[in-house]
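Protein chains: 2
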Amino acid sequence: MATGLDSFPKIYPVSGFKLGTASAGIKEISRNDLVVMQIAENSAVAALFTKNAFCAAPIEVARNSLAKHVPSYLVVNTGNANAGTGARGIRDAQMTCAKIAELTEVDADKVLPFSTGVIGEYLPTQLILDALPSAIEALNEDGWEAAAWSILTTDTRPKASSKRFAIPSYHAGTSEVTTSPETHITLTGIAKGSGMIKPNMATMLSFIATDASIDNELLHRALTLAANKSFNRITVDGDTSTNDALVLVATGHSGVVVDELNFSQFQANLESVCVELAQACIRDGEGAAKFVTIVVANALNLDEALEVAYTVAESPLVKTALGASDANWGRIMAAIGRAEITHLDMEKVDIYINDTLVVHQGQRSADYSEEAGSIAMQTEDIEIKILLDRGDVSQTVWTTDLGHEYVRINADYRT
Amino acid sequence: MATGLDSFPKIYPVSGFKLGTASAGIKEISRNDLVVMQIAENSAVAALFTKNAFCAAPIEVARNSLAKHVPSYLVVNTGNANAGTGARGIRDAQMTCAKIAELTEVDADKVLPFSTGVIGEYLPTQLILDALPSAIEALNEDGWEAAAWSILTTDTRPKASSKRFAIPSYHAGTSEVTTSPETHITLTGIAKGSGMIKPNMATMLSFIATDASIDNELLHRALTLAANKSFNRITVDGDTSTNDALVLVATGHSGVVVDELNFSQFQANLESVCVELAQACIRDGEGAAKFVTIVVANALNLDEALEVAYTVAESPLVKTALGASDANWGRIMAAIGRAEITHLDMEKVDIYINDTLVVHQGQRSADYSEEAGSIAMQTEDIEIKILLDRGDVSQTVWTTDLGHEYVRINADYRT
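Chains as they are written, first to last, in this note's numbering: chain S, 333 to 747; chain F, 333 to 747.
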């Protein structure tokens with residue numbers, strides 16, 4: 333199952349960013365499972381990683397290398413997460429980087445490794461080393477779609493988002509900041525993720541590139557802001573991956589400079605790309621039959637808005653009711669009631685399902701009928717809006733229902 | 333489904349505590365769904381209630397009444413939780429109490445109401461009022477088993493625990509404390525609960541009586557200590573009920589006094605009864621095919637031991653793996669890694685499944701094989717032991733797996 337968004341979007345290549353895929357036969361012989369990405373010189377690179385204390389070997393290697401250099405290559409394998417593999421896992425990730433370094437004549441620290449797939453098995457490193465030359469040979473600015481397919485695990489669809497847009501800016505080399513003519517840049521990204529989705533400052537795996545010219549610090553700020561409106565607002569099951577990484581590359585090849593003056597326009601477009609990718613992960617969430625938006629409004633502060641939103645989004649009882657299209661608002665109330673926030677007065681809570689007022693001041697709305705609730709729940713996209721009447725903070729989280737398909741996928745995952 | 337414990341245990345009646353059941357036809361015509369319990373004069377009563385901010389009307393009424401008097405009657409209906417029902421729900425609960433007060437000539441504040449069942453529907457109060465006389469007529473010290481059946485909702489089995497035991501004590505009226513002869517008392521309890529099980533200082537519904545003579549304060553202390561080793565250590569889905577209540581009545585009819593001198597012996601026996609009842613809820617957990625014990629050992633403190641235990645116990649990915657008898661230790665590690673504790677070094681973590689060392693120092697144990705894991709997972713009762721190597725605190729939590737049966741039960745609950 334999966335909900336909405338059937339076709340692969342139109343992709344704008346990003347000058348200075350190339351992708352090449354190959355088949356290493358890590359888990360299946362017949363599919364591409366290896367991607368190498370090449371980053372032009374003088375690019376800026378920002379990355380966010382999982383906050384899971386149990387993080388995979390490639391995450392450790394990538395974090396360390398990123399602290400030393402702006403990378404020149406990224407390498408991603410699917411089919412094996414290289415997590416829970418100790419010192420051997422670190423060596424395996426380093427060997428992968430060293431091989432690319434040798435083939436392309438860069439420093440090994442300038443290659444960042446990423447892995448996704450089953451946890452606790454050693455990486456079939458030799459298979460990867462053998463396939464790297466073909467992946468490098470395939471490097472191409474039009475390699476996005478092939479790469480989007482090649483990084484999937486339990487995902488059923490590739491996920492991409494791409495935009496060309498004008499922002500007020502100047503071209504590098506000129507200094508006419510004041511005139512701010514409209515100049516065009518491109519933002520293109522791919523992502524993978526459908527289970528173990530509760531990004532914690534990052535997502536499963538996502539790689540985004542732009543041809544804008546922007547320094548590392550500003551790029552990191554943009555990525556953090558965008559992640560907090562997108563990848564950090566999705567959950568399938570509350571489980572957090574060991575391998576989450578979100579990477580943003582700015583090649584500068586358009587010559588268009590992003591600085592403090594046009595930062596907000598750049599950031600808004602980046603956020604839009606990130607939201608599309610994050611929502612695509614939820615629409616393809618394991619077993620998802622519903623795309624569920626949880627809005628918590630009129631909260632006192634950010635923490636309590638998110639606490640309520642995630643408690644509802646991750647309640648197994650709310651999720652099974654959603655899967656059955658049952659407007660069981662009592663379960664939503666019970667989840668709100670156990671959220672860890674102080675002095676919540678349930679008699680002030682209103683709940684809407686789509687446009688239907690279901691709960692008013694803590695009890696069933698006078699106008700509400702089971703029939704109305706049932707109709708509201710039939711749509712594939714459902715919004716649950718919870719008004720707390722405590723303040724003016726609002727937060728949105730996206731999630732899925734819980735049904736038999738989730739159980740089937742996750743019971744059979746390793747068999 | 334349900335796991336273990338097929339037969340109803342032998343029950344020792346408690347002198348001074350009577351139970352009467354009747355059929356009010358609240359949800360189904362053909363079953364008993366109403367229980368009245370009569371508490372002898374001069375009893376002591378302690379109770380713990382749900383901490384869900386969205387609590388049911390009867391909880392509010394019972395809390396208020398308990399603050400004023402030691403109750404004389406308890407009344408329980410199943411089939412309707414009387415939660416999310418606002419002022420009308422309060423009135424409905426009060427009318428139920430008033431009717432018993434009228435029939436038995438006690439103050440209405442001396443009747444505590446309890447409800448369990450579907451949330452958000454008004455109580456069919458007239459049906460209950462009409463059936464109360466038969467329930468009162470049926471009051472009998474041998475009414476435990478009928479009552480245990482009558483309070484069930486999605487439970488498939490009645491749950492009871494009963495013990496007669498000797499403790500060093502003196503009889504009321506004598507003052508020979510120093511000799512401490514062995515005297516006998518009885519502890520008998522029933523419980524209901526199989527979904528929305530994460531008691532927060534209480535459980536779904538449980539009523540326990542003893543013929544010991546003990547004052548209110550000491551009784552409350554015993555109940556709180558026992559709850560923290562039993563009802564507060566179980567979870568099916570992390571969802572917390574709106575109606576949880578745990579009541580302990582001490583009639584004093586045995587004449588055996590419990591005081592500071594023999595408190596620990598009394599408390600240990602009470603804990604044993606509570607653990608049996610709490611575990612019975614888990615064994616009958618919605619869709620449960622496994623009875624899962626999560627032990628977190630060598631934690632720094634209580635909070636972090638419980639945080640790790642509950643994060644693992646409630647991880648949908650761990651639970652689906654358990655349901656599939658898949659020793660997917662990577663998911664256990666990923667859950668431990670996202671638990672909110674500071675500076676956890678995953679490379680010090682060991683994990684046992686039953687007696688099999690699966691993870692040693694953060695990675696697959698050298699001796700471990702998939703076959704060994706698979707064998708360990710085949711049993712109906714599974715213990716996952718997690719050693720953190722940080723301190724000397726240990727905590728145990730009991731939970732279930734997550735399978736198709738859980739989804740089926742909770743998708744169909746209101747239809």
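To be clear, the hints were calculated from the coordinates, so they are not data collected in a lab. Where hints are given, some of them may not hold.
Just so you know, same-sequence chains aren't split out, so a pair can sit in one copy or run between any two.
To be verified - Pairs of lysine-lysine residues, derived as DSBU-like cross-links and limited to a Cα-Cα distance of at most 35 Å, are as follows: (1) K680 to K400; (2) K717 to K431; (3) K431 to K680; (4) K717 to K400.
Hint by hint, here is what the structure shows:
{"no.": "1", "hint": "K680 to K400", "result": "between (52 Å within a copy, 28 Å between copies)"}
{"no.": "2", "hint": "K717 to K431", "result": "neither (51 Å within a copy, 40 Å between copies)"}
{"no.": "3", "hint": "K431 to K680", "result": "between (61 Å within a copy, 31 Å between copies)"}
{"no.": "4", "hint": "K717 to K400", "result": "neither (45 Å within a copy, 39 Å between copies)"}
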